[in-house]
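Protein chains in written order, with my numbering: chain A, 1 to 304; chain B, 305 to 642.
Keep in mind that the hints were calculated from the coordinates and are not lab data. No residue lacks a Cβ here, since even glycine has one placed at the ideal position from N, Cα and C.
The following label-pair restraints were derived from C-beta to C-beta distances:
# : chain 1 : residue 1 : chain 2 : residue 2 : range
1 : A       : L216      : B       : H524      : 50 to 60 Å
2 : B       : S465      : A       : A152      : 21 to 31 Å
3 : B       : H592      : A       : E242      : 17 to 27 Å
4 : B       : H524      : A       : N215      : 51 to 61 Å
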Amino acid sequence: MLPKQTVPFHSSEKAIDRMERILFGDNQFFGVNHASDEKSREQLMKFKTDASIIKTLDIVKSAGVQTFMCTTHDRILHICEYIRQHPDNYKAYKIYPCMPYAHKYANAVTELGIVGALKAYMPGNIFTTAFKGGMAYLSDDHEKMMELLVDAEMKMFHGIDTPVIFLQNVVTDLLLGLKAYGLLASFHAYVKKKYRAEAGFITMNLPLLSDVLENLGIEQPIICASINKEGFRMSGGKHAYEKVLAEKKNRVIAMQIFGGGFISPKEAVEYVVNLEGVESILFGASSAANIVQTIEWINKRSSE
Amino acid sequence: MEYNIRLGIIGLGKMGISHLAIAGGNTSIEIVGVCDTSKMVMGFIEKQTPYKVYDDFRLMIKEAKPTAVIISVPTKFHAEMIQESIDNNVHIFSEKPLSLDAEVSLQLAVKAEKAGLVHQVGYHNHFIGTFIEMARLIKKGALGDMYHFKAEAYGPVVTKSKDSTWRSKPDEGGGCLYDYASHVIDLVNYSLGEIVKVSGVELKKIYSKEVEDAVYSTLHLQSGLSGILSVNWSDATYRKMSTKITVLGTNGKLIVDATELKLYLNETVKDEIYEIGWNTRSIGTLQHPVDFYLRGEEYSAQLDYFVESIKRNRTTGQNSFKDAAKTDRAISLIRKSN
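Work out the full structure, taking the sequences as your base and the hints as a guide.
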C-alpha cells in the first residue's frame, strides 16, 4: 500500500477565473487515436508503464503547461498517487477530470445490460444494503444516482486541484439527444456544491449544446468541442460553430484541432489560434519533440 | 415545412437508447412513443425526457400511430414485432441480426417489399466512409483478380466469467457469432459478394459458458473467391470493437478498418487518385459530417438514410431485409457446420 500524502486544496471560492491557454490531454496514453487503430496500439505499448506517462507529463510541465485533462481511466489512479507523493514538484498542477471513462461502461452494457452495468459500477453495494428499499428506491432518483457515480469517479483525485470537472461527450451528447436536460443542470450544480469546481461539458454538438445550456440558465459554461480547419466532428457544420464561438459567451476549449491527425500541425494551430471565442486549446502527443513544438507554436501564434 | 416522421422506438437497451438520442437530434423526426419492459429504464425516460412511454409495443403502435418504428430488442423478438409493424403499414428499422432463422428473414423481406414499406437493418458499417470507399474500389475492380480476403473483428466484451444476459444465451441471439461476427459477415456480403458455403468452422468458448466467444471459419463466395473469418470478442488488447478487412488481388492489396484505408497498387487504376505503391486515407477525409453526433457518424448516417428512404419512398435501399437475410443465411451455415 502506498503512503497517503496530500497537497493542499488550492481552489478559492470561484473555481477558476481563466483556464490555461494550453491543456494537455491523455488520449495518447490510452490508445485513443481517431486516425489510426494501428497507431493507437503502438501508443498503448509505448505508455505501458506509469513511469512513461509521468515522464511525458513532466516534459509538458517543463514546457510550461500545468493542466492535465484526463479521463477517469483506472490507470490515472496511479498518476494521482504519484502527484500526491511529490507535492513539491506539482505545486501549481491541475487536473481536469473527464468522466466517465466511457468504454468501461459501454463494454459492460453490451455484456451485462444496463441494469447489470449499473450494478457492477455503482459504489459499494448500494443496490442491496445501503439504501432503504435498495434499487427500487434509488433507481427513481436519477440525480442521486448521478451524484454517486460522480463521487465514485472523483475518489482517485482526492487532494489534487481539480477546478474543472468534465462530463464526457458520450454522456453529454446522450443526455442532449434524449432531451434529459435536467441532468446536465444537476451535474453543473453538483460539482460546484460538492467539489467547488466548474462543470465542463465535452460535446460533438457545440451549437446545440450551447443553446440548451443557455436556456438552462447556465452562465458562461465551459464547453470542450472539436474545432478544426477541416470541420471534422463539428456536427451542424463549421460555419455554425464559428457563429457560436463569435456570438455566444461560452468558455470554449478547442479539441481535435488536428482533425484526428490529417491536418498539418502548422495549419491546425494557425486556424484555431485565430478564432474568436476559444479560451483554451487541448492537445495530446506522444513524442517530446511534437509536444514541445506544438506548445511553442501555440504560444507564439497566440501572442502575435 | 419539414417532412415529419412519427417515430416509435421499441426496446431501450444500449442500441435503443442510442437510437432515441440520435432520433431526438434529427429535425425530420417526431418521437411519438418509446416502449420497453424495464421499469428502471422507463422510469428514467418518463421522468427525465419529454417522451410518452409504453410497456406494450402493440398498444404503442395502436395509440401513438407511428409512421415508422425502430426495433431494438433481443433478436428472438424481431420477427413478431416486424410482422406486427407490416400489418399496421409502418416503416421498419430493425437492429441486427434480422432474425434467428434465415428463412424467416427472407419471408419478412418479401412481406415488407410487397407492402411497399421502407425496411432497413442496423448494419452501420455500411455508413463508415472507409468501408464505403472499399466497396467502391472492389466493385470497380481496382485490385485486379481477387484471390483471398481476411475479415476480422476483435473487442473486449467478455474478458472474464460474469452474470448472464440475453447476449449470453444462444437461443435469444446472444454470442459472438450473432453479435460481433454478424457485422463482419455482412461487410463481406456487402463489399465482396454473397457467402454461399463455409468450411473449417471453429466456434470457441473462452470465458462464456453457453455461447461462443470466438468464431473462425473459411468463407466461400458465389464468385469463387474465398477468405478467412476471424472474430473474437474476448480480446482485452482492444479498447473497443475493431473491424478490419484485408483483400488481396493481382493488382494489389487493400487493408481497411473504421479509421483508415490503405491501398497498395501494382498499377494505377483509371480515373482514380491512388498511386502505385502504398496509399493511405484517413477516415477524416472519407466521412461525411452529420447534423448530430453520438458514438460515431455512422449511427446518425444510417438513421438519416432511413428517414430519406421514407421521404422518397425508397423501398429498395441499402441494408434491406433481403440483404440482412443473406447475412442470416451465412450465420446459420456457420452454426450448422460447427
